[in-house]
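There are 2 protein chains.
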Amino acid sequence: MSIKELKSELLKIAKVRSAISLLQWDLSTYMPPKGASWRAEVLGELSEYAFFLFTSERMGNLIEKAQEEAKSELELALVRLTRKDYEKYRKIPLRLFVELQKEKAIAEKLWEEARKDNNFLILKDSLKKIVKMVIDIAEHIGYEDNRYDALLDEYEPGFKTSYLKEICDYMKRALIPLLERVESSDLEKEGKGSLKKGSFPIDKQRELIQRVISAFGFDLYAGRLDTSPHPFTEVVGLNDVRITTRYDEADPFQALLAAMHECGHALYDLNIPKEFFGLPIGDGASAGMHEGQARFWENIVGRSLPFLTFLKPILDSTFPSLSEMSVVDIWKKLNTVRRSLIRVSSDEITYNLHIIVRFELEEAMINERLSIEDLPYAWDEKMNEYLGIRPDNHRNGVLQDIHWASGHFGYFPSYMLGNIYAGQIYWKLKENLPDLDKMVSEGNFKAILEWFKENIYSKGKFFEPLEMIKAVTRENLSPSYLVRYLEEKFLRNPIKR
Amino acid sequence: MSIKELKSELLKIAKVRSAISLLQWDLSTYMPPKGASWRAEVLGELSEYAFFLFTSERMGNLIEKAQEEAKSELELALVRLTRKDYEKYRKIPLRLFVELQKEKAIAEKLWEEARKDNNFLILKDSLKKIVKMVIDIAEHIGYEDNRYDALLDEYEPGFKTSYLKEICDYMKRALIPLLERVESSDLEKEGKGSLKKGSFPIDKQRELIQRVISAFGFDLYAGRLDTSPHPFTEVVGLNDVRITTRYDEADPFQALLAAMHECGHALYDLNIPKEFFGLPIGDGASAGMHEGQARFWENIVGRSLPFLTFLKPILDSTFPSLSEMSVVDIWKKLNTVRRSLIRVSSDEITYNLHIIVRFELEEAMINERLSIEDLPYAWDEKMNEYLGIRPDNHRNGVLQDIHWASGHFGYFPSYMLGNIYAGQIYWKLKENLPDLDKMVSEGNFKAILEWFKENIYSKGKFFEPLEMIKAVTRENLSPSYLVRYLEEKFLRNPIKR
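As they're listed, the protein sequences go chains U and D. Mapping of the first sequence onto this note's numbering: residues -4 to 492, in sequence order. Mapping of the second sequence onto this note's numbering: residues -4 to 492, in sequence order.
Check each hint, because a few of them may be wrong.
A pair holds if it fits inside one copy or across any two, identical chains being indistinguishable in the list.
[To be verified] For lysine-lysine, the following DSS-like pairs were computed, each having C-alpha atoms within a straight-line distance of at most 27 angstroms:
hint, residue 1, residue 2
1, K269, K66
2, K327, K484
3, K307, K441
4, K327, K425
5, K97, K7
6, K97, K(-1)
7, K7, K86
8, K269, K29
9, K29, K448
10, K66, K7
11, K104, K124
12, K97, K2
13, K29, K199
14, K29, K(-1)
15, K29, K441
16, K104, K269
17, K160, K484
18, K160, K423
19, K269, K97
20, K7, K60
21, K7, K269
22, K104, K7
23, K7, K29
Bear in mind the hints are in silico, worked out from the structure with no lab data behind them.
Start from the sequences, fold in the hints, and give me the full structure.
Here is the structure:
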């Protein structure tokens, strides 16, 4: 009975959050521009309400009562996860939560302006306030060693900053030399496939994407594909998970890659057991595990030779002008390794270095070792240190991502951890499905999806990410698997496979 | 200070309602079908929350305190309107409100099924429950003479059933003979314009509609035009009013007429003073006054010879196959008077008779003089009595409208009252803008919109509809103006004008 009451209260909050999700999805897709300022107020109101409900005395009592009654593993997990979040969020004063929401709305607008004007100063003061509030929140939540731990735990439960630093050191030691080897390899010297000129109408691109994501297993009756300036996935409700992409009429691969990425997120969300929906257990294991799924479908599948073999005839019939490009030409185009300034368009090797730059900077900001004034300079320095290039301006440097303006400190590492999880899981998947490449080249993704359902999606948030890696691969987390995947992929000539 | 507090609480509720509006808009436009059942729960949760907030003790106290402080006419109106709704809704038990919401969701689904299967029995039991609950609500609200008054007041504040019956009697006495005269007139004998065959791509139709509604004054940066099975207007937020239409590839006029109708609603909503938004005064005077605006732009403007003169070159350039039709041909096509079974596609004369059928039936149901069992038979009888035709099945008869399944008893009269208001206001408008026809034929709608802004839109809900008619036309409401408009329109040959 008490468990039922707790679930019912959690579902009530989930309904409010579902409205918030739709309001956010609409904000980025269809909302008429003049509706923006009222929309911000509606979002603020409902976010405050959801926060209030979740941190109320009532919730505390429901958890206590449910605790006494919980018996099954699932019930125990439900109470444990709810209590963890409850105790954390209850430490954050409602006032502080509301103020941060408001400042975020302001900072996001200023970020857009600053980016357009290529001027960090426009954002500086608001970002300062955000960082101050985020630090304040971290102090309220509490931590043992590093203030950043309090934030990191939101996205990667069970992770410590010290461990993350070790992983970053490993990655730098492995990837910086790998980057040099790839640059001097035969493969790179052969030159890259270039896109045949031509216009690729958006309608056709959308059709192509819908075929691909349907083949992956995305149910278009339980989701949508729309357009937005920044691609994203939104769980609007039970059986309602929406993804977006952005189109470039001169290059059909950009929208496809972004859609495959978001499709990975959506497949995870859509295949968590329905009975977990709306409960703390009805989520992915972590932000990184989620990113891992996105990066798996985008990169490990989407940029692979077998996948492009499957894609080729569809591509040719959709865009006859592309038929002159061979599968290998396309592979090269999608797998160019290059020291570039922009994270979202970077290759699978340098992407991780982009993340390390961000993680090290935000960890320093949160621990007040780096001032907001010095941030742009520190950014440029780190880019030069790890990637060997220096941004020519703020837009291509410190202003390229919205995350900090949105108050999302602690999220960036999840992108890299996602790659690392996906890399390690990939080898296990290959072991279990020896015909993996053949399946992919034939467009048969069913067994892959089933494997993920059984091993990952069906578990919801039952495991923390490190536990899940162990449960799935029978080994502790190791970034070596990702590095091995990257070495095999980028140091072996695809033509000679 | 107290006024400010009252406003702030009302705006809080408006924010919740704004989320509900978006959830409803999305439900009818973009929601993936499998998301439906969760969506119903989200809507139920937020509706209950909004109802709870509005009927709480806290709201009662805020009204009391604001009452003492209110000085300006506007402040007094704010308190008066809030108190009226508060006292009404507070009489309705929350339990009853929630149950009705749930039963509506069920009945609407059954209505769809019943309509598809052409079988009233599928809906019958659920409709019985709905009527019982609506009667229960009317009893809680209370009334003097007629139980139906308690429902009618929701849509047409200040109206009594007895007065509405007088209006219906007048309308029947005027329109049934007028219908016969039109049928035997030269005009009708000349035959009707018929649509040149051809396919009218939806994209082109949408473009055409956007040009027309923009010309009317609809700001596409503060609104949207989308597609849905049943056209509607939704105020999603401040500066965010969305309309929908439905397309028929074989006939471009259906979507245009529906869009002009919804545009009329939207122009009203978008031009109520921004500072009234979210407050009880920030609404139209009544559902009928709102319909009146919709019917004005759809019919009095949209089906007029001057408008079609303006439209003709745009139409020809969009759809060259239509260029063989003259303006008069098109006028005839859009103004065919015919005894037909379906309300939404009926002409300007018989439309009112369709409404009277519905009003008389629902008034009898609410007062328990007509059982749900007898409803289909009573429907057919009344159709035969007023329109001289008898439905061949339930789908074209009693099952054609969703209103009763949605619990909207008391709304139907607003459609006819809308026509009557629009008719009376039209003559005043013509008096004030003697060049009206010329303006319309030149596509210059600015002065019309300005006139409506000044005389109607800017007043929000400050006046009840009968007061507003008096304020605008300096006369009491009289359906004779509508009848005169219809006589002039349908008994005069457009060619001889």
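Structure-based check of each hint:
1. Taking identical chains as interchangeable, the C-alpha atoms of K269 and K66 lie at most 27 angstroms apart only when both belong to the same chain, with a minimum of 21 angstroms there against 55 angstroms between chains.
2. Proximity of K327 to K484 under the C-alpha cut-off of 27 angstroms is restricted to the intra-copy arrangement: shortest distance 11 angstroms within a copy versus 70 angstroms between copies.
3. For the identical chains of this complex, K307 and K441 are intra-copy neighbours only, at 20 angstroms inside a copy versus 55 angstroms across copies, given an alpha-carbon limit of 27 angstroms.
4. For the identical chains of this complex, K327 and K425 are intra-copy neighbours only, at 23 angstroms inside a copy versus 70 angstroms across copies, given an alpha-carbon limit of 27 angstroms.
5. Taking the shortest alpha-carbon separations for K97 and K7, both the intra-copy value of 24 angstroms and the inter-copy value of 16 angstroms come in at or below 27 angstroms.
6. Taking the shortest alpha-carbon separations for K97 and K(-1), only the inter-copy value of 21 angstroms comes in at or below 27 angstroms, while the best intra-copy value is 35 angstroms.
7. For the identical chains of this complex, K7 and K86 are neighbours both inside a copy (22 angstroms) and across copies (25 angstroms), given an alpha-carbon limit of 27 angstroms.
8. In this assembly of identical chains, K269 and K29 lie within 27 angstroms of each other by CA distance solely across copies; the values are 12 angstroms between and 37 angstroms within a copy.
9. Taking the shortest Cα distances, K29 and K448 sit within 27 angstroms of each other only across copies (20 angstroms), while inside one copy they are farther apart (42 angstroms).
10. Taking identical chains as interchangeable, the C-alpha atoms of K66 and K7 lie at most 27 angstroms apart only when both belong to the same chain, with a minimum of 23 angstroms there against 41 angstroms between chains.
11. In this assembly of identical chains, K104 and K124 lie within 27 angstroms of each other by CA distance solely inside one copy; the values are 14 angstroms within and 50 angstroms between copies.
12. Taking CA atoms no more than 27 angstroms apart as the test, K97 paired with K2 passes between copies only; the shortest distance there is 20 angstroms, against 30 angstroms inside one copy.
13. Taking the closest pair of Cα atoms, K29 and K199 come within 27 angstroms of each other only across two copies (26 angstroms); inside a single copy the shortest separation is 31 angstroms, beyond that limit.
14. Taking the closest pair of Cα atoms, K29 and K(-1) come within 27 angstroms of each other only across two copies (25 angstroms); inside a single copy the shortest separation is 43 angstroms, beyond that limit.
15. Proximity of K29 and K441 under a CA criterion of 27 angstroms is satisfied inter-copy only: 21 angstroms between copies versus 44 angstroms inside one chain copy.
16. When the C-alpha separation of K104 and K269 is checked against a cutoff of 27 angstroms, the pair qualifies only between copies, where the shortest distance is 23 angstroms, while the shortest distance within a copy is 37 angstroms.
17. In this assembly of identical chains, the alpha carbons of K160 and K484 lie at most 27 angstroms apart only when taken from the same copy (26 angstroms versus 81 angstroms across copies).
18. In the homo-oligomer, the alpha carbons of K160 and K423 lie at most 27 angstroms apart inside one protomer (25 angstroms), although the nearest pairing across protomers, at 77 angstroms, exceeds that limit.
19. Only between protomers do K269 and K97 lie at most 27 angstroms apart by alpha-carbon distance; the minimum there is 22 angstroms, versus 34 angstroms within a single protomer.
20. For a Cα distance limit of 27 angstroms, the shortest separation of K7 from K60 inside one copy, 18 angstroms, qualifies, whereas the shortest one across copies, 32 angstroms, does not.
21. For the homomeric pair K7 and K269, the shortest alpha-carbon distance inside one copy (16 angstroms) is at most 27 angstroms, but the shortest distance between copies (32 angstroms) is not.
22. In this homomeric assembly, K104 and K7 come within 27 angstroms of each other (Cα to Cα) only across copies, at 23 angstroms, whereas the closest approach inside a single copy is 31 angstroms.
23. For the identical chains of this complex, K7 and K29 are inter-copy neighbours only, at 20 angstroms across copies versus 31 angstroms inside a copy, given an alpha-carbon limit of 27 angstroms.
Comparing the model with each earlier hint shows no violations; every hint is respected.
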